[in-house]
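Engineer: Protein sequences, first through last, are from chains C and U.
One point on numbering: in UniProt numbering, the residue at position 218 of the first sequence is 218, and numbering is uninterrupted.
One point on numbering: in UniProt numbering, the residue at position 8 of the second sequence is 8, and numbering is uninterrupted.
Do not rely on the hints blindly, as some may be mistaken.
To be verified - Among chain C residues calculated to face chain U with C-beta under 10 Å, some are: (1) S23; (2) G45; (3) R66; (4) V122; (5) N123; (6) G140; (7) V141; (8) R143; (9) K269; (10) L272; (11) S276; (12) T278; (13) S280; (14) P281.
Claimed, not checked - Which chain U residues stay away from chain C? Per the calculated CB distances, all over 10 Å, these: (15) E86; (16) K179; (17) A265; (18) Q295; (19) R306.
Stated by the list, open to error - Now the stretches of chain C that chain U is said to cover, found in silico as 3 or more residues with beta-carbon under 8 Å: (20) 100–114; (21) 243–254; (22) 330–341; (23) 359–365.
If you are wondering where the hints come from, they were derived from the structure by calculation, not from laboratory data.
If you're wondering where the values come from, they're calculated on a predicted model, not measured in any experiment.
Every residue gets a Cβ at the ideal spot worked out from N, C-alpha and C, and that includes glycine.
Number of protein chains: 2
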Amino acid sequence: MTNQGTNLDPWYDSYADRTAGLSASEVRALFAVASRPEVVSLAGGMPFVSALPQERVLGSIEKVLRDNGPMALQYGSGQGTPAIREHIMQIMALEGIRGSADNVVVTTGSQQALDLVTRLFVNPGDVVLAESPSYVGALGVFRAYQADVVHVAMDDEGLIPESLRETIAALEAAGRPIKFLYTIPNFHNPAGVTLSWARRLEVLDICRSHGILVLEDNPYGLLYFDKPAPQAMRSVDDEGVIYLGSFSKTLAPGFRVGWALAPHAIREKLILANESATLSPNSFGQFVITEYLDQTDWRGQIDTFRHLYAERRDAMLSALGEYLPKLSWTKPDGGFFVWVTLPDELDSKAMLPRAVKELVAYTPGTAFYSDGQGRQNMRLSFCYPTPEFIRTGVARLATVINGELDLLRTFAGAGLTAPIPTRPHVTTPPPNIL
Amino acid sequence: MTNQGTNLDPWYDSYADRTAGLSASEVRALFAVASRPEVVSLAGGMPFVSALPQERVLGSIEKVLRDNGPMALQYGSGQGTPAIREHIMQIMALEGIRGSADNVVVTTGSQQALDLVTRLFVNPGDVVLAESPSYVGALGVFRAYQADVVHVAMDDEGLIPESLRETIAALEAAGRPIKFLYTIPNFHNPAGVTLSWARRLEVLDICRSHGILVLEDNPYGLLYFDKPAPQAMRSVDDEGVIYLGSFSKTLAPGFRVGWALAPHAIREKLILANESATLSPNSFGQFVITEYLDQTDWRGQIDTFRHLYAERRDAMLSALGEYLPKLSWTKPDGGFFVWVTLPDELDSKAMLPRAVKELVAYTPGTAFYSDGQGRQNMRLSFCYPTPEFIRTGVARLATVINGELDLLRTFAGAGLTAPIPTRPHVTTPPPNIL
Chain C
1 MTNQGTNLDP WYDSYADRTA GLSASEVRAL FAVASRPEVV SLAGGMPFVS ALPQERVLGS
61 IEKVLRDNGP MALQYGSGQG TPAIREHIMQ IMALEGIRGS ADNVVVTTGS QQALDLVTRL
121 FVNPGDVVLA ESPSYVGALG VFRAYQADVV HVAMDDEGLI PESLRETIAA LEAAGRPIKF
181 LYTIPNFHNP AGVTLSWARR LEVLDICRSH GILVLEDNPY GLLYFDKPAP QAMRSVDDEG
241 VIYLGSFSKT LAPGFRVGWA LAPHAIREKL ILANESATLS PNSFGQFVIT EYLDQTDWRG
301 QIDTFRHLYA ERRDAMLSAL GEYLPKLSWT KPDGGFFVWV TLPDELDSKA MLPRAVKELV
361 AYTPGTAFYS DGQGRQNMRL SFCYPTPEFI RTGVARLATV INGELDLLRT FAGAGLTAPI
421 PTRPHVTTPP PNIL
Chain U
1 MTNQGTNLDP WYDSYADRTA GLSASEVRAL FAVASRPEVV SLAGGMPFVS ALPQERVLGS
61 IEKVLRDNGP MALQYGSGQG TPAIREHIMQ IMALEGIRGS ADNVVVTTGS QQALDLVTRL
121 FVNPGDVVLA ESPSYVGALG VFRAYQADVV HVAMDDEGLI PESLRETIAA LEAAGRPIKF
181 LYTIPNFHNP AGVTLSWARR LEVLDICRSH GILVLEDNPY GLLYFDKPAP QAMRSVDDEG
241 VIYLGSFSKT LAPGFRVGWA LAPHAIREKL ILANESATLS PNSFGQFVIT EYLDQTDWRG
301 QIDTFRHLYA ERRDAMLSAL GEYLPKLSWT KPDGGFFVWV TLPDELDSKA MLPRAVKELV
361 AYTPGTAFYS DGQGRQNMRL SFCYPTPEFI RTGVARLATV INGELDLLRT FAGAGLTAPI
421 PTRPHVTTPP PNIL
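With the hints as extra help, turn the sequences into a complete structure.
Structural biologist: If you want it as structure tokens, here you go:
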């Protein structure tokens, strides 16, 4: 390949095949939108870090620099420090997980754990099972490794075991290799639902009997509102589950510290992959988090976050009931997200620019599917704006949605076809997650 | 695949093909060895962060938390903050690089930039050209993406252009796709040599004419001793070079902040790959580094590091001259490393356990080749131990080497074959980098 100047990118012909799966996520574009101060963003998943006791964080940092400065500023182990891994075991014990800190691998946020696990298991064309819908950032990783994502239906108790059985049977009949099931059992992103205990056991049983690894992603588990979520799937299966956790939502994402708890043989490969990718996770963040966990009432701080987010969830649900009573939505018991289903004739992706014009942003449902579904859905986040802004945002959203519906009725009354594309709702049924 | 219990790892059959390239690096095992306090480690590449003004670092952190706490603790842009990217442009200007901060992508150490660039360009079986020897961490990344690394010979002026030409010609004749040349032009790791200015131009010209991208890795460039290195290759070619830089050696590796400066089209894909891998580089580290660069005499601090490392380089070269006068070694003008060539009959890898028994560690030359070369070489680091410990370490090394040679002579005198395997020195000639 030589630079002929015939293309804007002289390296166009040099890229690896996997770059075909690399595209700007809808979340990325929305980060830009959401940063404008006049827009009420119900789009991002940013935790409300202003609620952290900054003096305590600074106190932890002072102590780290005084007592362990040279180590905190140095390269570290590719597995993470022993001290933070012990703390991580204590945190996971809150969700019923027992095990050894030796099987924990600290990563650059749990996003990197997702990347590394996919790197270890997925050949191009392999199948990854994921809920329908699923976390946009995970779908991006699976695409980047050229996986074929197959969605499995959910309802208000989470993933439907019977759908999982049918999906696996169909894929096995077609001779397709299934590498793992990716699931967010608690306060699902984006669906807001929680997998029931009975289903956790059933899903584990199905996966075990088909030799399918389970990748349990649990960033929100400790952020429950009314009652704790059922115990982790990893608590009853230590050989068939890789568990992913994170300090991004219970403390702060700015340190980029997450982790994987993996079966021992996989954990060994994860460390090697981690070293290859970044040499080691950032020592400074690990030392600061360790000191913070040692010195502060971190469970009390998580309670503060829980009450704060519960209040915002309430504000969102009551605003939806007040301003958009004809829509349907999920009622999360924790986490950051409500999943809204629009009337059949609306298209959340097409409607977004009009919403931004009304100074409100959301994430269109299409971001959470790898197969084009989701035009009838939107994810609303209640984690970052205050209750007052949430009400304002939902009110603006109602203006947009009602305006769209009025417009459609006007065109329908005039005998014209609707100007907004509708989803193909027979061939790809929407997820039943109401 | 079901778990039959016939293998220690029930997931043994599930791993992706690329995991075949994943193996524990020799550096990794050495980190464990080097951490024992009684061992003088000439093995690792850890910067001497104790020389940093910790009060200044703490002052920067206090200011960040006071002025920008919620942003520093939050998720950030997948490209890195605009403020740190502006600073990075100023730093690169010291090496002649002009350009736009818009083409900088901040990564989790420059190691991750290596990973992401390889991810963007390398299909399994593609060729990556690298110096002979080359950085062990880069070789690990290339293996992890199933690249075929082809080494190009060096001498005391760095990469030999004529060898590059011959290597490319042979590969092109064989129809092999060459994706990039990976090079460390300044104070090479492990070889300790610097690519001359004339050769920089010649190498760029060769690569340009064959449509081969250059990946210029420059972690040590500002850490020169007597005189600055020639200007960066990127300073004369902004479309054909991806430049990698890092704060790990000039400030501290514990923040894991490095960067890539890439041609615009590649930079766009790098951001997407970065977001997929970790969502964003750690905000906290970026804010702290920005504040540190704003508020302190960071060039003066780099001068402090330069003088400190120069003193240690002198200690190592004089100790080698005193204790091991019959060996040969490179004489670095900067950076962290000296590359030592042993007498033909010794094997650095086989000798390492005996060295550790004598309480000195080094990195065997084999770590720096993908083709089994390097048994006759060792990398000695002078970055971390004090001059006194360096002298002690080299003295211990001399005890080991002279002991080995005595043993070989004894066996030879007795008419026995040497008990130590020797490298196949005809079929794979050693690199000429003395």
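Engineer: With reference to the structure, classify each hint as holding or not holding.
Structural biologist: Verification of the supplied hints:
no. : hint    : in the structure
1   : S23     : 7 Å, holds
2   : G45     : 8 Å, holds
3   : R66     : 8 Å, holds
4   : V122    : 5 Å, holds
5   : N123    : 5 Å, holds
6   : G140    : 5 Å, holds
7   : V141    : 6 Å, holds
8   : R143    : 8 Å, holds
9   : K269    : 6 Å, holds
10  : L272    : 5 Å, holds
11  : S276    : 5 Å, holds
12  : T278    : 5 Å, holds
13  : S280    : 8 Å, holds
14  : P281    : 7 Å, holds
15  : E86     : 18 Å, holds
16  : K179    : 6 Å, violated
17  : A265    : 3 Å, violated
18  : Q295    : 16 Å, holds
19  : R306    : 18 Å, holds
20  : 100–114 : holds (count 4)
21  : 243–254 : holds (count 4)
22  : 330–341 : violated (count 0)
23  : 359–365 : violated (count 0)
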